[in-house]
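Starting from the structure of chain F, add chain A where the hints point.
As they're listed, the protein sequences go chains F and A. Here the first sequence stands for residues 1026 to 1435, where the numbers follow the numbering used here. Here the second sequence stands for residues 1026 to 1435, where the numbers follow the numbering used here.
Note: identical chains are not told apart, hence a pair may lie in one copy or across any two.
The calculated lysine to any residue pairs, modelled on SDA-like cross-linking and capped at a C-alpha distance of 20 Å, are: (1) 1084 <-> 1313; (2) 1278 <-> 1031; (3) 1084 <-> 1072; (4) 1188 <-> 1137; (5) 1028 <-> 1159; (6) 1079 <-> 1069.
If you're looking for bench data, these hints aren't it; they were derived computationally from the structure.
There are 2 protein chains.
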Amino acid sequence: MPKISQKGIVVPASPIRKLSPFADKAKREGKKVYHLNIGQPDIETPAGMLNAIKNIDFKVWAYTASEGTASYRTKLATYYNKLGYNITPDQILVTTGGSEAIIVSMISCLDPGDEVIIPEPFYANYNSFACQCGVVVKPILSYIENGFALPAISEFEKLITDKTKAIMICSPNNPTGYLYSEEELLALKALVLKHDLYLFCDEAYREFCYDGLKFTSPMHLDGLDENVIVLDTVSKRYSACGARLGCIITKNKEVYQAALKFAQARLSPGMVEQIAGEAAVDTPDEYFTAVNAEYTTRRNLVVEALNKMDGVFCPNPGGAFYVVAQLPIDNADKFCQWVLEHFEYQNQTVMMAPATGFYSTPRAGYNQVRMAYVLNTDDLSKAMECLEKALEAYPGRVFEEEAESLKQKA
Amino acid sequence: MPKISQKGIVVPASPIRKLSPFADKAKREGKKVYHLNIGQPDIETPAGMLNAIKNIDFKVWAYTASEGTASYRTKLATYYNKLGYNITPDQILVTTGGSEAIIVSMISCLDPGDEVIIPEPFYANYNSFACQCGVVVKPILSYIENGFALPAISEFEKLITDKTKAIMICSPNNPTGYLYSEEELLALKALVLKHDLYLFCDEAYREFCYDGLKFTSPMHLDGLDENVIVLDTVSKRYSACGARLGCIITKNKEVYQAALKFAQARLSPGMVEQIAGEAAVDTPDEYFTAVNAEYTTRRNLVVEALNKMDGVFCPNPGGAFYVVAQLPIDNADKFCQWVLEHFEYQNQTVMMAPATGFYSTPRAGYNQVRMAYVLNTDDLSKAMECLEKALEAYPGRVFEEEAESLKQKA
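Here chain F stands alone, though its shape is the one from the complex (with noise of 0.2 Å):
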């Protein structure tokens, strides 16, 4: 029998859904499972992307230019120069998902041994694609105690060889759901200016920031065009994940026509992805403006439930829609399988995703797990619950003097 690649043996299984089968035991045992381990919302799609799909009208389902259609990509240009981002259509290219714009924009960037420096925790299938591309992450530790800034400038420094070709943030972020601030974007400016790197920003959730923070690009800094390399996704802006519709912005033009050449070779973005995603663009206003006063609410739900809890320390974040709690726990993974393995609370539990699979550096939140407030807000209350009855049952339970410091300095 031929042997599958060591790419293939190396590269990570998803470390949130290798507790499935734990969930699908509980279910099946009649528990009902609360899950705030995926980043799938609830939220309804807006019903003129829904209905731009009800209402093709083409008789032949045909290839679109790889780059994305010139009518989808001018509509987009709109979009991002209300941001101010200040870009042309010919420096967009329509990826299928936000998953191709960062494998795409890796392998046109990076070969195989070049470095990035990514701050962890981070979204954990940066380790996949970086994988796929024999791209090598240098983890950079942020910390729970100030709730997830960018670390030091100084200690990215420690961490720059000549093989380091990249810096790649995510902000609003996933896990953590920290906001960037400018004066922390600026201080990368400076870094990536002086070391000639690329700036990848993955930046799936820009439109989740809360309590009137202000979202900052990359974008919007001047003397950055040739280092700069926006993500994007609808996936979560207009809660259609399922659509595979990304974009990789970028005004080096070096940098879009290799992607081009690999966007040629996989011949097109999705047609109707495409259309709907034109529709998209005319959402209006208060679609936005409602979806953040829920997440809003579920976010306040969430962290003044955890905040309540003995031994549990969560930050407040300013953006997504995710936490990282800190719990009184020994072990994340061994607390999330037992919690949907041994423990139920009026026939419920709760499924969350240890953070440990979203650092790189080993032990590195053994004690942290992070949740998606992907709820409703009644939900999201008995989990709460559900997660107070389970921490207070577990046999793995810690001293918990660290997160009650935590909480008195927050």
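Just chain A now, kept in the frame of chain F:
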């Protein structure tokens, strides 16, 4: 400015699309351009598939399972089992088009530096996918004299090294239209078993076999379960190129599990596509009967017209919707550009793909072009007339005895 990757430099631009600026110019000059250069069929997508899109009734456009929905994979299995593949739904991994099926299979089976042998001329984008994965393509020449039949196994043997991990075929073939016989597949079977290789089979054109010829897949052969990986797409079968919906089929569990990890990283194939794909499996047989009759008529028209031209030789392919013809010209790249730039007949001209883009061996196919018969018969007749006039007028026309002798032998 940071440098793009070496891969980004060397990955080839699409050989089919590089003549586009000349076609655009011809159109701006008011010429009618017959597009024989791309594999985008003009055939209508089955109504059942389009209706499935129009009738979607979900409120949240959500991720599906990374391997594809159970319901689509179950339906697909019935389609493949009708063909005699004897597979289960968990041997199917749904992908974003045939392109992703190829990339994920390559990355799961081959490491950078590993070699895959591919009979040439071959689908040009295999080069780009191999570049993306760091895989080395070892081309093996097939010849127009025998209609691009499988090269002798002894020629394959000469190319096999300790780096050889796979053989890749496409049947019916793009660009040649050649349909591998059961005997040829049995010869390949012995070869891959002898050297413990993977056999990648691109079967995008499976439905398009003519003259009563029977399609055989390596899936039909015993003893190859661990070796065969079928790469499929709905693009050509249902004239749904813009759907970006394909799949990997393999009975090799290790390959499937590795591919699934890469698939998990990119989360999900398109949801609407899978709904439409499920409906497509119910496309009535009459659809394919009509389409095949149409393609047969077109192929006959094109092959006959070409062979009537002085100095032109075109084998009669058994499948797909392409022909590769030998023309009395000095250089196919120059000729195809010249036809667009400097030629017109009754204000019409023709766009073809120089066959050189489908060969890796330097100079191979220098006097060959690929034509896709994806136009109606009226347009095809006019395109053939144009081509004949162009060949008469072309300043780089060369002596044609070879083609005439090939025609005698064929």
